[in-house]
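Chemist: Protein sequences appear in the order of chains A and B.
End of the first sequence sits at 436 in this note's numbering; the numbers just go up one at a time, nothing left out.
End of the second sequence sits at 1436 in this note's numbering; the numbers just go up one at a time, nothing left out.
Everything labelled a hint here was simulated from the structure, so no lab data went into it.
Only true hints are included.
Reference listing, derived: stretches of chain B covered by chain A, where coverage requires no fewer than 3 residues with Cβ under 8 angstroms from a Cβ of chain A:
#	region
1	1068 to 1074
2	1361 to 1371
What follows is a set of in silico ranges between Cβ atoms, one per label pair, in the way DEER data are often shown:
#	chain 1	residue 1	chain 2	residue 2	range
3	A	S384	B	F1043	32 to 42 angstroms
4	A	E219	B	P1283	51 to 61 angstroms
5	A	E318	B	K1060	53 to 63 angstroms
6	B	P1181	A	E88	42 to 52 angstroms
7	A	K316	B	A1270	46 to 56 angstroms
8	A	G381	B	D1187	29 to 39 angstroms
9	B	R1036	A	E157	27 to 37 angstroms
10	A	D417	B	P1181	36 to 46 angstroms
11	A	E88	B	T1306	53 to 63 angstroms
Model, not experiment: these values are computed from the prediction.
The C-beta atom is built at its ideal place from N, Cα and C for all residues, glycine as well.
2 protein chains.
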Amino acid sequence: MQNIDGMIINNEITPDRLKSSVGEDAAFHACVHKIRSASGFSFVMVRTGRYIIQTVHDAKMCGKGLDKLKEGMYIELCGTVKEEPRSELGVEIVLKDFTLISRPAAEMPLHVSDNALGCSLDTSLAHRTAALRHPKERAVFRISEGVVNAFRELMQENAFTEIHTPRITSYPTEGIKGAFPMKYFGDDAFLSQSPQLYKQICIAFFDRVFEVGHAFCAEKHNSARHLNEFISLDLEMGYAKSISDIMSTQTAVIKYIIAYLNEHYSYELALLSASLPEVTSIPSVTFYEALDILKKPHEQVDLDPTDDVKISEYAKKEYGSEFLFITHFPAVKRPFYIADSTDDPALTESFDLLFRGMEIASGGQRIHTYAEQLAKLERSGIDSEELEWFLSSLKYGMPPHGGFGMGLERFVMKLLDLENIRQASLFPRDMHHLIP
Amino acid sequence: MQNIDGMIINNEITPDRLKSSVGEDAAFHACVHKIRSASGFSFVMVRTGRYIIQTVHDAKMCGKGLDKLKEGMYIELCGTVKEEPRSELGVEIVLKDFTLISRPAAEMPLHVSDNALGCSLDTSLAHRTAALRHPKERAVFRISEGVVNAFRELMQENAFTEIHTPRITSYPTEGIKGAFPMKYFGDDAFLSQSPQLYKQICIAFFDRVFEVGHAFCAEKHNSARHLNEFISLDLEMGYAKSISDIMSTQTAVIKYIIAYLNEHYSYELALLSASLPEVTSIPSVTFYEALDILKKPHEQVDLDPTDDVKISEYAKKEYGSEFLFITHFPAVKRPFYIADSTDDPALTESFDLLFRGMEIASGGQRIHTYAEQLAKLERSGIDSEELEWFLSSLKYGMPPHGGFGMGLERFVMKLLDLENIRQASLFPRDMHHLIP
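Using the sequences and the accompanying hints, generate a full structural model.
Modeler: Given below as C-alpha cells:
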C-alpha cells in the first residue's frame, strides 16, 4: 500500500511570472515552435499551453548544440530570463540547457510556425490535429473558453443553477426535420436540438437555470454559418414578466462576456487582432419595424440571412450598434412553447439577437399555464399526448418564465470576425466532416 | 426603436440576507410549499429556488385570507422578518400581503411537501416533474452543481483549458458493444462514450485540458449503478511522468470538491443528512495486491463489483479510507491507448478510483509515441486505419500525458449515500426510461 497525497504540479509560465524573474533562471516544459537563425545565435520560439516564448540559443551559453533541436519537439528547458523589449512578451530566455522529452515521428503537413496557417479551410480541417497547433488557431478556443466562463460566472452570481439535461430524447422539440434520429433500446429517439423543454421543467423547482452543452441539428445546411453539432448556452428564468426582462438579461450577458474577455484574454485578442464591440445597451426593433426598414411587405413571416445582414448594417449606421434585437416574430414560424403576444395573437413574445449581421441567440417568454399550452398545441395541430411528460410540469404549476439559447460558435465567429463557423469548432461536424 | 439596458433582476433571498433584515419588510417570489395550521395562525412554508422559508399567516396581520392560498401556487409575498430560533433558518416572515402569480391546474401526484417523498423510485421517475419539487430531491442536483463547479475552479486555477469535443463520432473508443450507433448523413456514427481521444489530441497544443459533458453507454445494464447517459468529468495533463502524477491530481480533485461542498453547500448537505468523507490522502494498492487481499488467484484479469465492495471495506478498516486506488490492471481488459507497464508489459499504467465500494473514476498514463501506439494496435488486432485521425496527432508529436474520467452521478450517488444512481440524474436514461 502506498499513500497518494493530493497535489497538482503547476509550472505554468505566464508573462507576468517571467517579467518578475528577470535575472533569474527559469525551467519549464515546452514545444519547439520555430527556430530562426540570426548572426552567431538563434531564436528558438517555444510554445507552452498558452504562450509563445522567445528563447535564444547561443553556443557559448548553452550546454547543447542547436542541431539537437527540431521544430515540433517537446523539451524541458532551462535558461536565464532577460529583459528584451523587442520580444512580444518583453522578455526572452537565454538557454543554458534543454532535454528532449518527445520527438515527432513525421514532418508537420502544415506550416504551424508561420505567422498564419496560409492554407484553405478544407486543408486545415483535413489536418486538424496539426492545424490546431498554430497559435492563432488554438487561441480561438481560449476565447470560446472565456465566453463560457463569463456566462457561467454571471449566471452563478445571479442565482441560476447549472443543470445537465438529456441529449437522447423522445421528442424533436424544434421539429422532426432538423433532428437526428436514433434507436434507443428499440424505441425511436432523437438527439437533443435544445434543452428547451427540460430547462422549463426545472424552473418549477430551481427558479433560474442554465446549461452549457451540445446541441444537434440534422438540417442539410452547407453554409459558412451552420454546424450540425454545436455548443448552446442556455438560460431560463422564472418570474420573468415580459421579454424585456429576458432581453435585459441577454444584454447583461453580452456586456459581461465582452468585459471578461478584455480582462482575461487580452493575449489572445491581440494575437487574433480582434476588436470587441463596445456595448452599453442594445437597440431593439419589432419584426414589423424591421420589415419597414427593409422596405418589405408585412406578409413576410420571417427574416432570411440577407435581411439579417441588411438590418444589422442599418443598426450600425443608425443606432451605432453591432448588436440588434428583433422582437415579436409571427407565431407561424415560432415553436409551440412561445407565448403569443397579448396585443396581436398572430405575433409572439419572442426575440432574436443579431450580431454583425448574424443571428446568434433566440429567446422569448414561454407559455406557463397548462390550459394555454394545450390550446396552442391544438391550434398548431401537435399531438399533446407525446408531450405529456412536459405538460405535466405546467399542470402541477409553474411561474411565468422565459429565456434564451445562444450559439457559442456563432458568437465566437462574429466576435473574432472569422469567415467560417468551422474555425470556431475544435472538431466541427458538418455534412462532410465526421472525422476527426 | 427601443434601447435595452443590461440588467439581471436578482432578488434571491438567502438566510444571511433575511437574518440581517430582522424587523424590516421583505418582498419576494416563492412557491407555496406547505400550509400547516396552528392555533389562531398558520405556518406557510414557501419554496424559493434554493430554500424553504417559514412564513406565518395571521388573519390579524395579513390583508388576505388563508383561503386564498393553496399549496403549489406561485406567489409574490410581502412580510416582516422576525427572529425565530425554532425555525430552520432562524427567522420567519410574518405575512402582510401576497399576490397570486400562477396556480396549478391539477393536484400534485406525489407528496412533495412531506419530509420525504415516500414513494418508490419507479413512481418518482414516472412523476419526475413533480418529484423534483421535493426539497431533498432537488438538493441532490445542487450538490451535483457544486461538484462540477469545484472541479472547474480547480482546473482553471491549474492552467487546464476547458474544451468541447464531439458527441457524434466515427469510432467507438471503448468498444462497439457499448456504443449507440446512429446514421450521420449516410455514414455510420456512434455517440461518444468518452472524450478520450479528443482530449489527447488537445494535449499537443493546450498541455492540459478538461471537459464536463455527456457520455453515452449502450450496454444493457439494469443495475442501481449504471446509466445509459451520464456526465463525465474528464481531464488530461501533458508532461505527466507516471500515474503517480495523475493520481495526485485525482486526489487533489477529490479533496477540493469535498472542501468546496462543505463551504458552499452546507444547506443542502444538512438537508440530505450527508456526511462527506474526510480525505487527507488516498491509499493505493496494485491489482495483484488487491487480488491477494481478496484471496483470489492472479489469473483473474479484472475486479467485479463484489470485489470492489470487499476491497473498499478492507480499505476502510485497514487504511481508514473510504477511497482506494487500484493500479496496474492487466492490459487485456484496458483500452488500446493505455501505456503498458515498463516492469511487466502484461500490465498497464492504469488506475481505478473506488469510493464507498464503487468505481467512480478511471485513468492512466497514455501511449504518446506513434510507434508504440501502432505496435499496440497491431498486437490488439485493431485496424489502425480507422484511427488515422487520432494517430496523426501522435505522429506530429505529443508530450507524455495521462488523465482520468470521473462519473458525476456515481460520485454524487456515493457522496450522498443514495441507493440508486437514477436519483443523481435529473432525467435519467436507462433501458426503460427515455421519458421525461
